Amino acid sequence: MSHPGELLSAFLDGELVAGERRQVMSHLAECAECRAELADLDAARSAVRSLPMLDPPLELSAFEVPVAPRPAVGLTWARAGAAAAAAVVAVAVGLAAFGSDPATPAVDLGSVIDQHAARVSVDPGLTSVRLVSVVNQP
Amino acid sequence: MKRRRIVTALVLAWSMLLGGVAVAGELEDFLRGAAAAEFSGQQVVVTFTDGETAAGFYEVTQSGGFTMLEADSGMAMMGEGRVSSADGGGEGHLRVADWSAWRLSDRYSLGSVDRTIRLGRPASLVTIFEDGLLRTRMAFDNETGAPMLSEVYDGSGALFRIAMVTGFSAEVVTSRMGDTGNLDEYTMLMPAPMFRLPESAGGYWRADTYQGPDLSLHAFYTDGLFSFSVFELDSRAKAGPLEDGAEVEIDDRRYRRVIDPGGVWIFWRAPDNSYLLVGDLPPDHLDEVLPDLPHPGRPNVFKRIWRGLFG
Chain A
1 MSHPGELLSA FLDGELVAGE RRQVMSHLAE CAECRAELAD LDAARSAVRS
51 LPMLDPPLEL SAFEVPVAPR PAVGLTWARA GAAAAAAVVA VAVGLAAFGS
101 DPATPAVDLG SVIDQHAARV SVDPGLTSVR LVSVVNQP
Chain B
1 MKRRRIVTAL VLAWSMLLGG VAVAGELEDF LRGAAAAEFS GQQVVVTFTD
51 GETAAGFYEV TQSGGFTMLE ADSGMAMMGE GRVSSADGGG EGHLRVADWS
101 AWRLSDRYSL GSVDRTIRLG RPASLVTIFE DGLLRTRMAF DNETGAPMLS
151 EVYDGSGALF RIAMVTGFSA EVVTSRMGDT GNLDEYTMLM PAPMFRLPES
201 AGGYWRADTY QGPDLSLHAF YTDGLFSFSV FELDSRAKAG PLEDGAEVEI
251 DDRRYRRVID PGGVWIFWRA PDNSYLLVGD LPPDHLDEVL PDLPHPGRPN
301 VFKRIWRGLF G
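Here the protein sequences line up with chains A and B, keeping their order. For the first sequence, counting from 1, position 36 maps to 36 in this note's numbering; every step adds exactly one. For the second sequence, counting from 1, position 277 maps to 277 in this note's numbering; every step adds exactly one.
Honestly, the hints are just simulated from the structure, not real lab data. Just so it is clear, the structure is predicted and the values come from calculations on it, not from any experiment. Virtual Cβ for every residue (Gly too), placed ideally from N, Cα, C. One or more of the hints may lead you astray.
Unchecked claim - Have a look at the derived ranges for each label pair, beta carbon to beta carbon: (1) Leu215/B / Gly19/A: 46 to 56 Å; (2) Ser2/A / Ser200/B: 43 to 53 Å; (3) Pro191/B / Gly81/A: 54 to 64 Å; (4) His3/A / Gly51/B: 22 to 32 Å; (5) Gln23/A / Glu26/B: 24 to 34 Å; (6) Asp272/B / Ser2/A: 48 to 58 Å; (7) Gly155/B / His3/A: 29 to 39 Å; (8) Gly51/B / Gln23/A: 17 to 27 Å.
Stated by the list, open to error - Keeping only pairs whose Cα atoms sit at most 20 Å apart, straight-line, the calculated SDA-like set for lysine to any residue is: (9) Lys238/B / Ser111/A; (10) Lys238/B / Cys31/A; (11) Lys238/B / Asn273/B; (12) Lys238/B / Arg256/B; (13) Lys238/B / His27/A; (14) Lys238/B / Gly297/B; (15) Lys238/B / Pro294/B; (16) Lys238/B / Gly110/A; (17) Lys238/B / Arg298/B; (18) Lys238/B / Pro138/A; (19) Lys238/B / Gln211/B; (20) Lys238/B / Pro296/B; (21) Lys238/B / Asp108/A; (22) Lys238/B / Ala270/B; (23) Lys238/B / Arg254/B; (24) Lys238/B / Leu215/B; (25) Lys238/B / Pro213/B; (26) Lys238/B / Leu217/B.
The shape of chain A in the complex, shown without the other chains (with noise of 0.2 Å):
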C-alpha cells in the first residue's frame, strides 16, 4: 500500500471501513514516517480538544425582549406574607433537590487509574498494553 496520506486523519476518526482500516493499520507497522504523521494529527486533535469552552460576550447574550405588560393586582398584606414564604420554601426545597453541592469532591482520574494500574501491574499479560491508560486518561 502506498502512503495513506488523508486516510490517515479518517482512520483516526474511525471513519474507514474494515479493510481500510487493515491496511492502514499493516501500513502504519512498517511506515516510520506515515506513524509520525498520524502521531502529528492525533496530538493536534487532543490540543484541539483541550481548548476551554467560552461563553459568548455578555453584549451577544443580552437581547432585550419585549414583554407585555401585566395587569397589577392587589395584595394583601397577609397574601404577600405567605407568598414570601411559600416562596422561600421553593426556593430552599428546590437548592436542595436540585441544586449542585459546590463542597461535593471532583473524583481524581490520575488517582483512579494509578490505583487500577498498581494492581495490573502483579498479574502476568501485555503489561505493556494494559497499563497504557495511565499516561492517557481522559
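Fit chain B to the supplied structure of chain A, relying on the hints for placement.
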C-alpha cells in the same frame, strides 16, 4: 472386550485432560513470559469502538519486573503492585498491599501457535479463542518473550484493539528506567471488605477490593486476560470529562463512555452512589458486565431533598 473399551476410553479422556492442561499452561507461559520480558522500544496502540478511535504512541522499557511507559502526555512506571506516574498535573505513587493469585478463565483456549517474523525477529503467533470465537492474536518474540503484537476482536469478529511494537531492542538501557523509589513514598491501598458489588459480573470475578486514599471503594475484576476496576463514589461526585463522554445505551440503561487507546472509562450515577469503571475489556464483554453491576438511576425527590439539606 468391554474392559478393553473402558480402558481405551479412560486413556483417551486422561490424555485429553492432560492435553487441555498443557494448552492452558502454554498460554499462561506466554503471558508470564511477556510480563517478565526485558526489552525496550516503541509501540502504537489503537482502539476502535462504535466509530470512535483512540491512538497512542509510547516509548516502552521493560526490565526487572517493571514497565515504563512514556508519551507526550506523561510517563508512568509500574510493577510488583506499584505505580509511579507523572504528568502535567503532578506525581503519584501508589501500591497495593495485597492481592489474590492470578489465574486464567477456562473460557479461553489456545488455538494455534505458528512461526512468524516480527521486525525481522523470529516470533510465535498465538491465537486465543473464547468459547469458539477468535478473541485475540498475539505475537511473542522468541528470544525475549516480549509481546510484539496483539489484536483483540469483539464479539462480532471485528478488530477492536491493536497494539504493535514498531521499534524493538533486546537491550535495555537501565538508566532510562526511573527509580522505583522508596516504598515509604507510596500511598498504600489497603484491602477493604466489599459487600455491595457482586462477586462476579459477565464472566469476570471480583479478585480484590481496596479502599482508596479518598476512602472510595475499589473492586478489581479479572478473567485473567482482561480486567477492570469499579470505583464506588459519592453519589454527587463530579467526574470531570467523563460526564461529557459519549452517551451509550446498554441493556436499556444509559452510561457515559470515554475511550483511550488502551481502555474504556464508563461513568454512571445510581440512586445511592456514582460508579466509575475503567479497564481493557472488549465491548461485548462490557455489555455483559454492566447489567450485573448497580444500575443507573436517580434518587427519588425526598432523598434528594434530604441529601441537599443534611448532606
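Tested hints:
1. Evaluation of the 46 to 56 Å hint for Leu215/B and Gly19/A yields a pass: the beta carbon distance comes to about 50 Å.
2. Separated by about 49 Å at the C-beta atoms, Ser2/A and Ser200/B satisfy the suggested range of 43 to 53 Å.
3. Pro191/B and Gly81/A have their C-beta atoms about 59 Å apart, which keeps the hinted 54 to 64 Å range intact.
4. At roughly 24 Å, the beta carbons of His3/A and Gly51/B sit within the given window of 22 to 32 Å.
5. Taken as a hint, the range 24 to 34 Å holds for the pair Gln23/A and Glu26/B, whose Cβ atoms sit roughly 32 Å apart.
6. Roughly 57 Å separates the CB atoms of Asp272/B and Ser2/A, a value that falls within the hinted 48 to 58 Å.
7. Checking the proposed 29 to 39 Å range against Gly155/B and His3/A shows it holds: the Cβ atoms sit about 33 Å from each other.
8. Between Gly51/B and Gln23/A the Cβ separation comes to about 18 Å, which falls inside the hinted range of 17 to 27 Å.
9. A threshold of 20 Å between alpha carbons decides the hint, and for Lys238/B with Ser111/A the separation of about 14 Å falls inside it, so the pair holds.
10. Taking the CA atoms of Lys238/B and Cys31/A, the gap is about 42 Å. The hint is violated against a cut of 20 Å.
11. Between Lys238/B and Asn273/B the CA atoms are separated by roughly 12 Å; this keeps the pair inside 20 Å, and the hint holds.
12. In summary, the hint linking Lys238/B to Arg256/B is supported, as the alpha carbons are separated by about 13 Å, within the 20 Å threshold.
13. Simply put, Lys238/B and His27/A have alpha-carbon atoms about 41 Å apart, too far for the 20 Å limit, and the pair is violated.
14. Between Lys238/B and Gly297/B, the direct Cα distance comes to roughly 16 Å. Compliance with the 20 Å bound is thereby established for this hinted pair.
15. Only pairs whose Cα atoms come within 20 Å are accepted, and Lys238/B paired with Pro294/B is accepted, the gap being roughly 18 Å.
16. Proximity of Lys238/B to Gly110/A is assessed by CA-CA distance (about 14 Å); at most 20 Å being required, the pair is judged to hold.
17. Between Lys238/B and Arg298/B the CA atoms are separated by roughly 15 Å; this keeps the pair inside 20 Å, and the hint holds.
18. With a C-alpha separation of about 14 Å, the suggested pair Lys238/B and Pro138/A falls inside the 20 Å cut-off, and the hint holds.
19. About 19 Å separates the Cα atoms of Lys238/B and Gln211/B, which keeps this hinted pair within 20 Å; it holds.
20. Simply put, Lys238/B and Pro296/B have alpha-carbon atoms about 16 Å apart, close enough for the 20 Å limit, and the pair holds.
21. For the hint pairing Lys238/B with Asp108/A, the CA-to-CA distance comes to about 9 Å; that is within 20 Å, so the pair holds.
22. With a C-alpha separation of about 14 Å, the suggested pairing of Lys238/B with Ala270/B holds against the 20 Å cut-off.
23. Pair hint Lys238/B plus Arg254/B holds up; C-alpha atoms about 17 Å apart against a cutoff of 20 Å.
24. Between the alpha carbons of Lys238/B and Leu215/B the distance comes to roughly 16 Å, so the proposed pair stays at or under 20 Å and holds.
25. At most 20 Å may separate the alpha-carbon atoms for a hinted pair to count; Lys238/B and Pro213/B meet this at roughly 17 Å.
26. Among the hinted pairs, Lys238/B with Leu217/B is consistent with the structure: their alpha-carbon atoms are about 16 Å apart, no more than 20 Å.
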